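K.L.:
Combine the two chains into a complex, taking the hints into account.
Listed below, chain by chain, are the residues.
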Amino acid sequence: MVGRRVNGGIAGLGRFTWFLGGTLTHLVSQSLRGRAESVIHHIWIMGVLGTPSAVLSLAFLTAVLIYELAFHLRLIVPQDAMIPSFTSLLVLRELGAVVTAMLLGSRVGAAITAEIATMKSTRQLDALELCGVNLIDFLVVPRVLGCVIASVCLTCLATGGALLITAFTTSQSLGLTPRFFLTHLFLFAEPGDLTICVVKGALFGLTIPIVACFRGLNASSGSEGVGSASTRTVVENSVLVILLDFLVSWLWYAI
Amino acid sequence: METKSRDFWVGVFVILAIAMAMLFFWLMGSFSFVQSNPQYFLRFSFAGGVEVGSPVRVSGVKVGRVEKIDFLSGVEGMDRTAIEVTISVARKALAVIHEDSRFFVNIAGIIGERYIEISPGSVESPVLPPGSRIRAVDPPRIDQLLSQGYGVFGRVQEFLEQNEKSVTSFLNQLARVMDDTAKVLEKSDRKKIGQVIDNLSQITSDLRFMTEKIRGPQGEEFFDRLMVLIERAHEIDKPTLKKFFQEEGIRARVF
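Those protein sequences? They're chains A and B, same order as listed. My numbering runs 32 ahead of the 1-based position in the first sequence. My numbering runs 1343 ahead of the 1-based position in the second sequence.
Hints listed in this document are in silico derivations from the structure and should not be mistaken for laboratory results. Computed from a predicted model, the values in this text were never measured in an experiment. Be careful, since some hints might not be right.
[Said to hold, decoys possible] Straight-line alpha carbon distances no greater than 25 Å define the calculated SDA-like cross-link-like pairs of lysine to any residue that follow:
hint : chain 1 : residue 1 : chain 2 : residue 2
1    : B       : Lys-1411  : B       : Arg-1386
2    : B       : Lys-1405  : A       : Phe-220
3    : B       : Lys-1405  : A       : Leu-214
4    : B       : Lys-1411  : A       : Pro-223
5    : B       : Lys-1405  : A       : Leu-121
6    : B       : Lys-1347  : A       : Thr-83
7    : B       : Lys-1347  : A       : Trp-76
8    : B       : Lys-1411  : A       : Glu-222
9    : B       : Lys-1347  : A       : Ile-77
[Claimed, not checked] Simulated DEER-style distance windows between Cβ atoms:
hint : chain 1 : residue 1 : chain 2 : residue 2 : range
10   : B       : Ser-1348  : A       : Ser-203   : 31 to 41 Å
11   : A       : Thr-263   : B       : Leu-1489  : 52 to 62 Å
12   : A       : Gln-204   : B       : Met-1365  : 22 to 32 Å
13   : B       : Ala-1433  : A       : Gly-54    : 50 to 60 Å
14   : A       : Ala-43    : B       : Phe-1414  : 47 to 57 Å
15   : A       : Trp-282   : B       : Val-1510  : 54 to 64 Å
16   : B       : Ser-1348  : A       : Gln-204   : 31 to 41 Å
17   : B       : Ile-1450  : A       : Trp-282   : 24 to 34 Å
18   : B       : Ala-1433  : A       : Glu-69    : 44 to 54 Å
19   : A       : Ala-286   : B       : Val-1510  : 51 to 61 Å
20   : B       : Ser-1348  : A       : Ala-143   : 15 to 25 Å
21   : A       : Asn-166   : B       : Phe-1414  : 52 to 62 Å
22   : B       : Phe-1414  : A       : Val-60    : 32 to 42 Å
[To be verified] To spell it out: a stretch of chain A is covered by chain B in this simulated footprint if at least three of its residues, at any positions, have a beta carbon under 8 Å from a beta carbon of chain B; those stretches are:
hint : segment
23   : 75-86
24   : 216-223
Built from N, CA and C at the ideal position, the CB exists for glycine as well.
Same shape as in the complex, but just chain B (with noise of 0.2 Å):
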């Protein structure tokens, strides 16, 4: 009896030492115990630090993981080597992911903890069917940016210190005229000023009054005529035009 009592305790202990070790790994989402989420397969250039077991988010509520990362090579469509990033997502999270959707890297905290958001899509276009490979969104490549920033800077740097005396003289010119505009504009009526601006603007709105007259049915056919009588005023040469003046002065003799 006290032998099958101590089996019985040590048959114990180990299941739940088993038991203990499973829940873990379920915690850690390493094994499901149900039937396994949909997945879907996006592809990046630039996977900015998305790891297994990250987190998937539909406008920010979680609602799978990153199960699985791959390179590829010589994906249609895709300059470098592809990086397929397979994400399952809960089955109540399907509804809301269309064919517009946008899947991309986003960092929540202070910590920077990298996960996939989705943008859930327009209500019209249809819903995206699960096993879908889709071209994510790739990240900002900081790395980069930073270095090009770098870069940028150091040019300025190298320029403002080339030309210092110039930028210099430049900038206190600059401050100069500030100074004298405003001046000019203490010294001057207030009201006046405001005139000028309104007959500026009266002016303004006339010209593009006659602008829409030019552009309309009125304008073009100002236009077509003018054509034509500069077409005329061609083949006029200068014994007609003379035999033309000569008449038009006798007649202004004789009238």
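If we strip away everything but chain A, and leave its shape as in the complex, we get (with noise of 0.2 Å):
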């Protein structure tokens, strides 16, 4: 029992390096010609329609960030200063990224998977084949490159968009005025920090749809099979995102 799920791991793990390869190969060499239009529908979906959700989960979890950091920080070091300083930090190294893509991860990756599945289910990807149309041409780069754009807009916006909201919100309860928050938000933050915020937005967004493709060509027929496959694009996802974040803030500060 063991060893047959030791060994469709083994397997499991070779098809995705497959599919990874082929993915990156094929963004690498086809040319954006004829898939414009199609990269703006999902930059629109995953992107613009998600913009509202995106801010506001971030900007209500840095306030809240916000109140507790205060509240320690003034315990040990009365200089308010500090507190949007260590905020920008934070939210600029690690929460921007790291909301956004989750909730990216698990808006549009189980959308994807949802998609892609049922249209195997119904046999539409064999219709395609037949047509002689390469699927992860056809299916899989269009929604990588409008991921990546998606996630790196959507980071940025999610950011400035919450540091924002959060410079008003303290006013009311930390009695910081927004004017005071804005001026010291950056007073420790360097462009490099956004860089960086930037950077993992990019690869989120290319690890997002790669992932939640994948699970959608590989899912098992039936409805069963549609929404198996969701929740293990939405848990594997979340569990990367989170493991890519470490590696890259190791990679990044550590090195």
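P.N.:
Here's what the structure looks like:
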């Protein structure tokens, strides 16, 4: 039983590696001609429609975080100038990209898997292959390109929006004026912190649709298979986002 | 129409994200939308923790930032490898930076943020032209001071441990002397002590008067005459003296 599961796991990893290599090769080798329409459509679905939820979620998470941070900071050092500075560092380095990716992974990842798994279940993928259409080129590449662009833009917008909204919410509870908050926002932050935020956004934007498409293409038939594949996508994407966040942070700051 | 509207919002989404990223970079001081500020080149032997992006202040007011830090070797007038810190200063502050202005590293706040402080200098001194290369004041090496202080304290401790008995005896004797002095002062008449101090004061003022006289022209004349007398006295030998006393003695007997 255990041996069979280990074998299955190794085989799955091999299939995923093959799929990842194929997708990256198509991404690099194929031109955008004829796919721009599809890419814009996916940016619209993944980015524009997801902006309000990402900005609001990150804003209120940052607001909660800043209350806790302010409480502890004021106990140790009564220096209010540090509250916005530490908040911006935390949001830029970690929360901005990770929270956006988590939301994107849950919303978009599950939707991509369900869509492709349903297409497989209803034999639409077989029809496409019969017509000589390359599935990776037709289904995966536009979604990956759209998701990378949407994720980077969404990360920037959500981070900026969250910090601006927090500047106003903190004036009510912490007694910091929005002007004070914004003046002290980037006391410690450096351009490298925003760069790592964008790099993480791009990496998560690349990971989420690849995992989602892989699960969708490998889903078992039937409604149960679609549901199971979507669940696995959300779980795997969440774990991968946290794992990649750790790896990128470690490589960026430690080495 | 629907596609056009979607494309429009996707465009807005991407433009907003790029604008947000540029705003962040601008707020962090990574680049400027307007003409760059004038620069000065400061040379240190030890930069004391100043980094790219550290603030530059004139009389405590933030007017610029550290743009670049370079290592230079073989700089005239500097025995070690020099560190050249390029700073940009806002045009409004140029008029108060004079040639005798001092550039040094200072520490702000309880967290010890390093910044370049510029003392304005005197009004009489000409204004320092932008682009000047200045030998800045090196910050104190706190680590060296601590290590030297540690060594000094170690030697003091060693000395005290080795001479514990003699130090204790010296301190006891000193305490006894202080006690005796206090007792004497208590027993003696305070008026008399006052008189003694007044007399001492009078004597010192008389001595001062005499020394002033000696240093003056009268004193010089006195010393000149004394020297003449001494020279004449050298010329008088024993027979002359004998003859003198004999003659004087005869006279004495005559009179």
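K.L.:
Take the hints in turn and mark each one as holding or not.
P.N.:
Consistency of the hints with the structure:
| no. | hint | in the structure |
| --- | --- | --- |
| 1 | Lys-1411(B) x Arg-1386(B) | 12 Å, holds |
| 2 | Lys-1405(B) x Phe-220(A) | 16 Å, holds |
| 3 | Lys-1405(B) x Leu-214(A) | 16 Å, holds |
| 4 | Lys-1411(B) x Pro-223(A) | 14 Å, holds |
| 5 | Lys-1405(B) x Leu-121(A) | 22 Å, holds |
| 6 | Lys-1347(B) x Thr-83(A) | 19 Å, holds |
| 7 | Lys-1347(B) x Trp-76(A) | 12 Å, holds |
| 8 | Lys-1411(B) x Glu-222(A) | 14 Å, holds |
| 9 | Lys-1347(B) x Ile-77(A) | 15 Å, holds |
| 10 | Ser-1348(B) x Ser-203(A): 31 to 41 Å | 36 Å, holds |
| 11 | Thr-263(A) x Leu-1489(B): 52 to 62 Å | 59 Å, holds |
| 12 | Gln-204(A) x Met-1365(B): 22 to 32 Å | 29 Å, holds |
| 13 | Ala-1433(B) x Gly-54(A): 50 to 60 Å | 55 Å, holds |
| 14 | Ala-43(A) x Phe-1414(B): 47 to 57 Å | 55 Å, holds |
| 15 | Trp-282(A) x Val-1510(B): 54 to 64 Å | 56 Å, holds |
| 16 | Ser-1348(B) x Gln-204(A): 31 to 41 Å | 37 Å, holds |
| 17 | Ile-1450(B) x Trp-282(A): 24 to 34 Å | 31 Å, holds |
| 18 | Ala-1433(B) x Glu-69(A): 44 to 54 Å | 49 Å, holds |
| 19 | Ala-286(A) x Val-1510(B): 51 to 61 Å | 52 Å, holds |
| 20 | Ser-1348(B) x Ala-143(A): 15 to 25 Å | 21 Å, holds |
| 21 | Asn-166(A) x Phe-1414(B): 52 to 62 Å | 54 Å, holds |
| 22 | Phe-1414(B) x Val-60(A): 32 to 42 Å | 40 Å, holds |
| 23 | 75-86 | holds (count 5) |
| 24 | 216-223 | holds (count 6) |
Consistency with the previously given hints is maintained throughout, with no hint failing.
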